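Asks: Under full-length UniProt numbering, the residue at position 197 of the sequence shown is numbered 197, and the numbers go up by one with no gaps.
Check before you lean on any hint, since a few could be wrong.
[As the list claims (entries may be wrong)] Lysine-lysine pairs mimicking PhoX-like chemistry, simulated, CA-CA at most 25 Å apart:
no.: 1; residue 1: K123; residue 2: K166
no.: 2; residue 1: K166; residue 2: K201
no.: 3; residue 1: K134; residue 2: K114
no.: 4; residue 1: K194; residue 2: K123
no.: 5; residue 1: K198; residue 2: K166
no.: 6; residue 1: K32; residue 2: K198
no.: 7; residue 1: K134; residue 2: K32
no.: 8; residue 1: K134; residue 2: K203
no.: 9; residue 1: K114; residue 2: K158
no.: 10; residue 1: K114; residue 2: K137
no.: 11; residue 1: K205; residue 2: K134
no.: 12; residue 1: K123; residue 2: K32
no.: 13; residue 1: K73; residue 2: K123
no.: 14; residue 1: K73; residue 2: K54
no.: 15; residue 1: K158; residue 2: K138
no.: 16; residue 1: K203; residue 2: K73
no.: 17; residue 1: K75; residue 2: K137
no.: 18; residue 1: K138; residue 2: K114
no.: 19; residue 1: K54; residue 2: K75
no.: 20; residue 1: K32; residue 2: K194
no.: 21; residue 1: K137; residue 2: K158
no.: 22; residue 1: K114; residue 2: K73
no.: 23; residue 1: K40; residue 2: K137
no.: 24; residue 1: K73; residue 2: K134
Since the hints were made in silico from the structure, they are not lab data.
Computed from a prediction, not measured in an experiment: that's the story for all the values here.
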Amino acid sequence: MLKIRLSLSLLIIVLILPFQIALAKNNECERKPTYDIIVKDDLAQFINDNHNLKVTSSGLITLDDVPIQATSKVKKQAQVLQAFLYQQLPRFENQSHQRLNDTRTAFEIAIRDKLGNKSELLKNLNSLNDELNKLLKKAINTREGVTYFYHQPFNNLKQDGEARGKNIFYKVIGNSILHFDVFKNYSAIKKIAKNEWKIQKVKLKEFDHQVCELITQIDQQYNQLILELNEL
1 MLKIRLSLSL LIIVLILPFQ IALAKNNECE RKPTYDIIVK DDLAQFINDN HNLKVTSSGL
61 ITLDDVPIQA TSKVKKQAQV LQAFLYQQLP RFENQSHQRL NDTRTAFEIA IRDKLGNKSE
121 LLKNLNSLND ELNKLLKKAI NTREGVTYFY HQPFNNLKQD GEARGKNIFY KVIGNSILHF
181 DVFKNYSAIK KIAKNEWKIQ KVKLKEFDHQ VCELITQIDQ QYNQLILELN EL
């Protein structure tokens with residue numbers, strides 16, 4: 001029984017790994033945001049311990065509550081940044097939730113096919129997906145046309161996702177002792193984890209690269225604008 005439990009431990013980790021990677025968008029990305037962002041149709045705001053930067057869709061700039069008399073070039077940079085954020089951040093939010101849900105659905109279909117609709121894994125899989133979507137909402141969410149991005153929850157997504165995954169794992173082990181369906185169908189579950197992971201890994205790596213590129217572009221534009229403002 002101990003050997004089976006150890007093997008099952010590794011298997012459940014494999015099952016939750018795609019969700020952890022899907023959340024850990026900046027896992028291998030050199031850029032980590034150091035500011036919160038608020039963006040709507042006519043305004044973008046960056047907030048951290050150093051600066052409070054506001055840029056409007058018309059190119060007006062306020063730095064630490066002081067209006068800036070910027071050049072046409074700098075105003076254009078501000079406009080481009082605001083428009084980029086307004087377009088890309090809500091899209092990133094939607095795509096992130098969709099990627100999580102798509103991964104969950106892929107495993108759900110495989111589990112139903114191999115184990116039926118009453119498998120305890122389904123319940124725990126859905127619980128994990130709900131937890132990870134809640135974590136994602138703490139990092140980025142849109143309310144009434146305004147998108148809020150919080151850098152600390154975003155940078156902690158991997159760590160927090162792993163913690164949620166471990167909690168679900170212990171529930172799976174406990175439930176398995178009572179229901180026995182996971183132990184009984186160990187070989188089928190192992191096959192599900194192996195086959196689905198091969199498929200999902202490629203998609204998740206591609207999305208991971210896209211998110212890193214987005215974060216890099218935002219950070220580059222922000223730092224360049226701050227540099228330009230400091231030189232005025």
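Asks: A separate judgement is required for each hint: does it hold in the structure or not?
Replies: The hints, checked one at a time:
1. K123 with K166: Roughly 15 Å between the alpha carbons, so the hint for K123 and K166 holds.
2. K166 with K201: holds, 20 Å
3. K134 with K114: Measuring from Cα to Cα gives roughly 29 Å; hence the hint is violated.
4. K194 with K123: Within the cut-off at roughly 20 Å; holds.
5. K198 with K166: Distance of about 22 Å is within 25 Å: holds.
6. K32 with K198: Judged against 25 Å, a Cα distance of about 28 Å means the pair is violated.
7. K134 with K32: holds, 21 Å
8. K134 with K203: Holds: K134 and K203 sit about 22 Å apart, inside 25 Å.
9. K114 with K158: violated, 30 Å
10. K114 with K137: Distance ~32 Å between K114 and K137 Cα, so the pair is violated.
11. K205 with K134: holds, 22 Å
12. K123 with K32: violated, 34 Å
13. K73 with K123: Answer violated: K73 to K123 is near 55 Å, above 25 Å.
14. K73 with K54: It holds: about 17 Å lies between the C-alpha atoms, which stays within 25 Å.
15. K158 with K138: holds, 13 Å
16. K203 with K73: violated, 39 Å
17. K75 with K137: Given pair K75, K137 is violated - Cα atoms ~32 Å apart, limit 25 Å.
18. K138 with K114: violated, 34 Å
19. K54 with K75: At roughly 12 Å apart (the allowed maximum being 25 Å), K75 and K54 satisfy the hint.
20. K32 with K194: violated, 31 Å
21. K137 with K158: holds, 14 Å
22. K114 with K73: Cα-Cα ~60 Å, so violated.
23. K40 with K137: Holds, at about 17 Å.
24. K73 with K134: The hint is violated at about 40 Å.
When the structure is compared with the earlier hints, violations turn up for hints 3, 6, 9, 10, 12, 13, 16, 17, 18, 20, 22, 24 and for no others.
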